[in-house]
Each structure stands twice: as structure tokens, then as C-alpha cells.
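Student: If you want the building blocks of each chain, they are given just below.
Protein chains: 2
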Amino acid sequence: MKIAIAQVNPTLGDIKGNTLKIISSIKSADDKGNDIIIFPEMAITGYPPKDLVLDDGFIIKNIQALDEIKKQCRNITAVVGFIDKNDGLHNSAAVISGKEIILKQNKTHLPNYDVFDEKRYFKPAEDSEVIEVKGKKIGIAICEDTWNDGPCELLKEKGAEIILTLTASPYFKGKEKIREEEVLSKRCKKNKIPMIYCNMVGGQDDLIFDGHSYYFNSKGEKIFEAPSFEEGLFYVDTNSEEKTNYEINDTEQVYKALILGIRDYFRKNNFEKAIVGLSGGIDSALTVVLAAEALGKDKVIGMTMPSKYSSKGSVDDSLLLAKNLGISIKTIPIKETFSSYVSALSDEFKGRKEDVAEENVQARIRGNFLMALSNKFGYIVLSTGNKSEIAVGYCTLYGDMSGGLAVLSDIPKTMVYDLTKYYNKMKGKDIIPLSIIKKEPSAELRPDQKDSDSLPEYEILDQILDLYIEKGYGKDAIISEGFDKIIVEKVIRMVKANEYKRYQAALGLKVTSKAFGSGRRMPITNRWTG
Amino acid sequence: MKIAIAQVNPTLGDIKGNTLKIISSIKSADDKGNDIIIFPEMAITGYPPKDLVLDDGFIIKNIQALDEIKKQCRNITAVVGFIDKNDGLHNSAAVISGKEIILKQNKTHLPNYDVFDEKRYFKPAEDSEVIEVKGKKIGIAICEDTWNDGPCELLKEKGAEIILTLTASPYFKGKEKIREEEVLSKRCKKNKIPMIYCNMVGGQDDLIFDGHSYYFNSKGEKIFEAPSFEEGLFYVDTNSEEKTNYEINDTEQVYKALILGIRDYFRKNNFEKAIVGLSGGIDSALTVVLAAEALGKDKVIGMTMPSKYSSKGSVDDSLLLAKNLGISIKTIPIKETFSSYVSALSDEFKGRKEDVAEENVQARIRGNFLMALSNKFGYIVLSTGNKSEIAVGYCTLYGDMSGGLAVLSDIPKTMVYDLTKYYNKMKGKDIIPLSIIKKEPSAELRPDQKDSDSLPEYEILDQILDLYIEKGYGKDAIISEGFDKIIVEKVIRMVKANEYKRYQAALGLKVTSKAFGSGRRMPITNRWTG
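Residue numbers (my numbering), protein chains in the order written: chain G, 9 to 538; chain Y, 9 to 538.
By construction, these hints were calculated from the structure, which means they are not laboratory data.
Any given hint could turn out to be false.
Which copy is meant is left open, because identical chains are indistinguishable; a pair holds if it fits in one copy or across any two.
20 Å max Cα-Cα, derived SDA-like pairs, lysine to any residue [to be verified]:
| hint | residue 1 | residue 2 |
| --- | --- | --- |
| 1 | K107 | K429 |
| 2 | K384 | L453 |
| 3 | K281 | Y508 |
| 4 | K483 | Q72 |
| 5 | K145 | D245 |
| 6 | K93 | G538 |
| 7 | K198 | N156 |
| 8 | K58 | F124 |
| 9 | K93 | I110 |
| 10 | K58 | V123 |
Modelling step: build the complete structure from the supplied sequences, incorporating the hints.
Tutor: This is the structure we're talking about:
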């Protein structure tokens, strides 16, 4: 049996555009003589549609689109993800054959954890049905239904010979190993049934769908895998056991995820150019590099905004980086403007020592300049803070946190270094100057400031944050891993104390199993100190 | 039977403090010879605990607290809301009698819409049990279980003679009518059973619990209602049918909600003073008035930041308002600082007309000054934008949107006028000067600017927004209510185009059935135009 995997990149809410994309894939696969084509979960609407689902017109339009698609299925059978309305709403897959819908298979297990809210909108399936296509018994599963017992076992029981899985499974570092080993291989082996797994690709706000679709045989062996972060139509012949090989390491995956996340955020919102404040530090350097790779060097503007605390090296390093990248760079010194604030505040601040207030004024002046260019020319400001800083609040609200997209907000500082080294190595030259990589991290908001004045070493901080945020360990559990009690307590206190900043943070690209944002819902008013 | 309703105001995560409050209420009610005392849903933890629920230590601590409470129940039976861990987590109520837990009643219907995410954390109850207290058969229901069929009917079937309901039901305008008529009266009448309804009181981030607890008899008549927005211990004798009378209109309710919301946000976060930028307009006037009433006039600072576009009236009106209120007021003109930006940007902006970029620079300078005082002195900035403006994006990100709490973000402009008039009337004098109330709305960011240059009249705008956001009407349905097609389309387009601003907005106090924030989850990247 010849099956086409349509690893497509829909745009949320663009039902017309997504439908055209689906129809053109169907034609193409049909022309090539495929028996079946399978699309991702909710391919017609895009995923996750969030509260658009509560808009009746949106649901009606997506069902009308299915009718359009139906008419285009000549010889091929198409399996298309959509939202069905039938005794409530369902996350569903339509199987179309002979220009008719011959099965609607609803999703049984509705994820309602982390970034997922499917129980907010949908009712679960009550059954799973097997259907015959060209003499073969086919079962359909939707995403979470392959991660949990029930639907696949039921399909096997009912005689299914292959299971086709539609998914919209967002990427995080290490997830492909879980999908391959814990989900697909185990379930295929358990039920002695082969599975095709078609995953969405593309960026949607904070989420990045990685594609990386699969064919696993009934022994649980991986026969085919599609590339990650690339849209495409891929073909599987279930009679062939010839294995493909697709290798990619974690750092490269994260790099590709960020590129796609930036690119799709711009493309799908009709944004054209990005502007990045360059401090001379490694975070803004990596951000501008990613932007240039994602959007093209002529679509990215760097801006240095030196203050009296900026080292000469910081500006020179930024100029060199811009030159290496081939992007244009602007300079607006903030010294005069800062003086004007200091002077305006002199009565109010009389007799007070300089402190974080003056530091933040500078960060906010920079934010204001970046936003002024954004408002005047339509540039989107990319904010540059990494996950470690954002976790402990080492960032200024309305200052360096200003921006439409927080590119590195889920990248711990130690991973920032890994990505930087990966990038220079891939390019075969030090596009990001070594002086930037080797510089001791500093906000340069007061004389001789260093991050290590206020924070634990990043090597330690990132390990604690990984246990606390990603792995969900409590204080005692972290300490029992061998970390210093005082440091652990300080870090946890800082994370808790900065929920209010993150509440107002820009959208950030999720690349770990637990990002700040919609998947981590913390109260601001909270006296729990455990 | 004598039943005490403990309409308490817990602090989220302060398990120790909440436990002490519960124990002291139990003692007090016991001393007064009550048979039963009932607390709100999740009184031990506070509500909603969000992802704190995923922290094992938090759950353990709340169960230990129940053990402490148990020991304090001498003669009285206590019904206490907590989180149980038993084959998964449950939103549960413990019935304590003779220092033992004699029943744990879990919640059946888990709300998972608007601001509620209970299916993210909890498993539903499988049964509802009746228990005998002093010869009377008692049933327990938790919040949503009285809004939906099932649990109460089951309790009646099993012989319950009264149902005690624990709730954490956040306020919105008009909700008490729904609770009384659609929920309590109907369900009591249907099952011919009396109900006690004990609701939480207090502010928790965006949510304001209004208390307003009830006793309804088996004929569905309201016998007793506790005041709204006030903590207290109230007593009901189920043998008495003497009716209390508690009357309060919608505007007064909203006013009290906002006061409690501000007060608790400050108190529970250990914040002391608030600062409000006063533009001379009605929104900032109402905001500073509410702050002064909530926190005390010595805890609130007003600040005027006139620009070259500010009318003389604007500053004078703000000074008069501050004088009427008895709060201190500061003035920092932004003219010089704005000039410094204009000069720094002159190369970049050469040949370009002045536009929204320059307007926003001014708003952001004001944000920066407010935040500078916030950072230096620990004041919390209250932002002043109303719901109508925030809906259509007539506000500046990092400018007037800066702040820790957006007091009016769920108050439509027309309701701002109602509240202002209500306040002056209540005070018996024009604390808010008539010149502020009568002034035509203007952002004063360019010469002779008026809101009506860019927006429909607020009377029209607010009606369209009410239909679109609160009532969830689609475009066509709104037009068929008699509104102009072009205006409706423009308004909807503006609402959609400004999701990115609201994504970074400060926490706002929810007082309508659909506020921006956690109860309205919209994608930013979204091509759905319907």
C-alpha cells in the first residue's frame, strides 16, 4: 500500500489557504498513484486554535472546507484533521473516499496539561472504528490516542491492519526520543501493528511543530522518518522494509526550531523586518544571528545604544558582528537622554543612592528607542533575554523585555553558549566574534557590573532551574541532588518573586518540556514558599 | 439546626494563615452553639491555586493542615474545602465530626471554561454520599455541582434533608441574579430541599470572590443572604423562615469589587503604596479614587507628567482632584526628555512625518518615570486604561499600559462614567471634578487630539464590544442587531489586531462575564477574520 504523508505547515485561522494547500497535496499524491494521503491533526484550521473554537462561524467554515476537499479526492483516500460539530465539538479526522466521507474518527484522549486545553473545547470519542480501504483494514488515531492505552488496542481488536495517526505535536528538546521509543515503537510492538504518524510542521506563536513524521512496522522498528522542521510530501510503501536514516543532534534541532519559530511568526503575521538591540553580549548576538538566518540579512537591523557604562568593546563587538553577518546597524547613544531623566528625577531622588531604579531607566530608554523605530518603520523588536535570566528576573520589564517575540526565553544560558558554538562551527568561521563568546556576562548598567555579582554561576543556576522548572522538583529534592541549600532557596525565591514580570513578557519560543508562558500557569499573589 | 457560614478570605498558598483563620472561626461558631460550620471551596489553599497543585509538597501541606483543623472540632461539625490526594487529586470537602473526618465529598462537575482549568488538575467524583449530623441527613455539593444536574439530585434520592454547598465563585456583574434565580432557587425547588451556599470572599490576582453566601429553603425562597465583598461569620437557623433583606445595585457591586480587588492585591503581596499617572482624564481620575478608597489616602501618590500637548486644564484638574482626595501629588514634566528623544532620533526619522511613533515615545517616557519611582520607592504603578481602549488597542504598550495592576481593564468606558457619578453621589460632593467628567476624551499626545478621531462614539463602541466579547456574537449577528457594518468590521478588526498588546498587559481585575486575561485565550498569529 502506498501512503503519502502530508507534513504540511498550515496557518492558524487561514481556512481558505490551508484548504488550498491540502487540495494541492491530494492532487499531487493522487497523480503519483498513492492509495492514501494523511494530513496532520486539525490541518484545516491550524493548531491550537484556542478560543476561536468558541466561534460558531469558525467551526462552520472549517466544515465547509472539508466539503470542498471531499470533491477533490478522485482515486485517493484522504485522511484530514478538522473540528467536527456533532453532539458537541470534536477534534476529529475525516476519511474521504470516492468523494464521500466514509468515517469520522474523533479523538479519545484530550490533552489538558502543559500548553494543552483540549477539554476546554472538545468532547472525547466514544468509540474507535475500523474501515476498509483497498482491501486493507485501517484504523485512525489522533495524537494523544497513541500516547495512552485504549484506542489503538481497540482498533487492533477490531481487526485493523495499520493505524494512521494524525498529530499536532509541538517540539521540545528530547521529545523525538520519547515519541520513537516510548510511544510508537512500544505501541506497534504491543499490538503487532504498523503505524504511520503524520505530524504538523511550522511555528504558531510560542509553539513550534517539528514534523518529523514516521512509519513504524509491526515489530516496532522505525522504517521511515521525515526531516524535522521542513514542510513536505513524503511517501511510504508499506510493503517495503528498507530503512531511511535521518540523524540530527539536539543542538541542531533547537537551532532549526528557533529559525522556524521566528520565520513563521513573521511570515504568518505579515511582518517583514526585525530590529534587535545589540549589547555586545552573547544573548543579543545569538538573537540577531538567528533572525538573520530566519528572515534574511536584509530584513534585520541591529542597534547599539551605548551608555556611559558601556565598554568600548561592547560597541566594537556589535559592529563586528553586524559586519560578519552583513546586516545594517544603527547607533543611538542614550547618554543624553539618560541625563535628562536623571535631571527630571533629581528632586524626587534627592539624598538617595543610585540603585536598580537608575539601571532600569537606562534599559527602558533602550526599549523606548527600539519601539520608536518599530512604530515608525514597522520593524518587530526581538527581545534577547535567555531563560535563566527570565527565570530569576534578571531583566527589566518594559526595558530589555520589550518586544514582539522573545527568541531565547526558553533557552538556558548554557544552551546559548552551545548554540553559539554550533553556529560558528556550522559556518566554518567566527561570525559571532570570540570576544563576545568569551566576555564575562554583564548587563553593563552600572560600573564594572557582572551577572555573577547577583546570580550563581550559570552552570549551577541552569542545573537548579532545570530541576525546578522542567522536572518539577521541590526544594528538598533539589538540595538532595547535592546543591547548596542557600543557593537553591535563593533561586526558588527569585523565580517565585518574578512571576509578575513574566506575566507581562513577550511571547517566547518553546523548545524545552516546560517553558514560561501558556504551559506554566502560576499565580502572582502566592504565599506558598515550598 | 444552627449552621454557621464562614465567608472567609484566604490568601493563596498561605496554608498556615488560612488554617489559623479556619480554626478561629470553628472555635467562635462552636462557642456560639452552632451544630455545623461550613467553609468555602478550597478554603485551606485559597483558589485558584493553578500550577501550585502540581507541587506535591503543596498538596501534602494542605492535607496536614486538615489534620490540625480536625483536632479543633469539639462539639461542632465542620465542612472544610481542601485538595485530596487519593487515586489522583480531587477538589474535595472534608466533613469533620468528633475530631474525625467522617466524609470526604469530591467535586463531580469540574469547570474547565473561561478562567477555570479544573480538569487540568483534578479527577471528578464518582459518587455523592449522604451523612447524618445530629439526626439530620446532610449532603455536600461543591460549586459547579449545584450549577449542573446530577449530584444534588443524587443526594436527594439518597435521603438528604439539606445540601451544604462550598464555593469559590468569582464575581461578575449580574452573576448574583444567575446564582439566585437560575441555580439556587431552581435547584431547591426541583429537589424540594433547602441549601446553604458558602462562597469565598477576597481578591486573588484578576479574580474577586464576592462572598454573598445564601440560605434558600426547600421552596426555593431566599431566606438569608450575607453581604458581598465582606469577610464574616454568619449564622442561619434552619428552623427559622424569617427573611433578611440585602439590596445593592450593579454599580455599587462593581465599585466594591474593585476596592476589594485592589486592597487584596496589595495586602496579600505585602505592597504598601500605589502611584498613578494622572492625565486629567476620567480613567486615571477614577483609578486614583479607587486606590485611595482601597488603600487609604496616605498610601496613594498621584503624578502629572505634562507634555507640550497637555492642556492647562489637564494639570489643574489633576491637582484639584488630588486636593479633593487628600493625596500627595508630584509633577514631572516630560517636555525636555521628549526633546532629547526627538533629537536622538532625528537622523533615523529624517523626512518622516510625526505620527504614532512620537505619540508612543511620550507615553513610554511617562511609563519610565512611573516605573523609576516604583523601583526607587517600592510603589506599585496602577495602570489606568479602560476595557474599551484595551479592546481596540487605544493604549501604548510599555507606556500607559505599564503597571502592576490594571484597575479598569474590565470596565468599559461607559461604566467608567457610571462609577464616577456613583462615587461623587455617594460622597455627596464632586470629589472627581465635573471638568474631568465633562471633558471630551483625549489622549493629548498630539495637538487637539480627540478619542473620537480614531474610535466610534463610546456609547456605540461599548455596545458592539459587549456583544462581541462578553456575549460572543459573531460579526453578522452584531450587524443584525442594527449596528453599522463598516463600524462593526472596524471594531472587530481592531480587537483582533491588538491581541499582541493584551498578551503583555498587566493583570486586570475581572468584573464582567468575559474579561481579557486568563478567561479569554486567543492566538496572536491568527488569520481568521470572521
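Student: All hints, please: hold or fail.
Tutor: Hint by hint, here is what the structure shows:
| no. | hint | in the structure |
| --- | --- | --- |
| 1 | K107 with K429 | neither (53 Å within a copy, 64 Å between copies) |
| 2 | K384 with L453 | between (27 Å within a copy, 15 Å between copies) |
| 3 | K281 with Y508 | between (30 Å within a copy, 17 Å between copies) |
| 4 | K483 with Q72 | between (52 Å within a copy, 18 Å between copies) |
| 5 | K145 with D245 | within (16 Å within a copy, 67 Å between copies) |
| 6 | K93 with G538 | between (44 Å within a copy, 18 Å between copies) |
| 7 | K198 with N156 | within (12 Å within a copy, 41 Å between copies) |
| 8 | K58 with F124 | both (9 Å within a copy, 14 Å between copies) |
| 9 | K93 with I110 | within (16 Å within a copy, 44 Å between copies) |
| 10 | K58 with V123 | both (10 Å within a copy, 13 Å between copies) |
Checked against the numbered hints above, the structure breaks only hint 1 and satisfies the rest.
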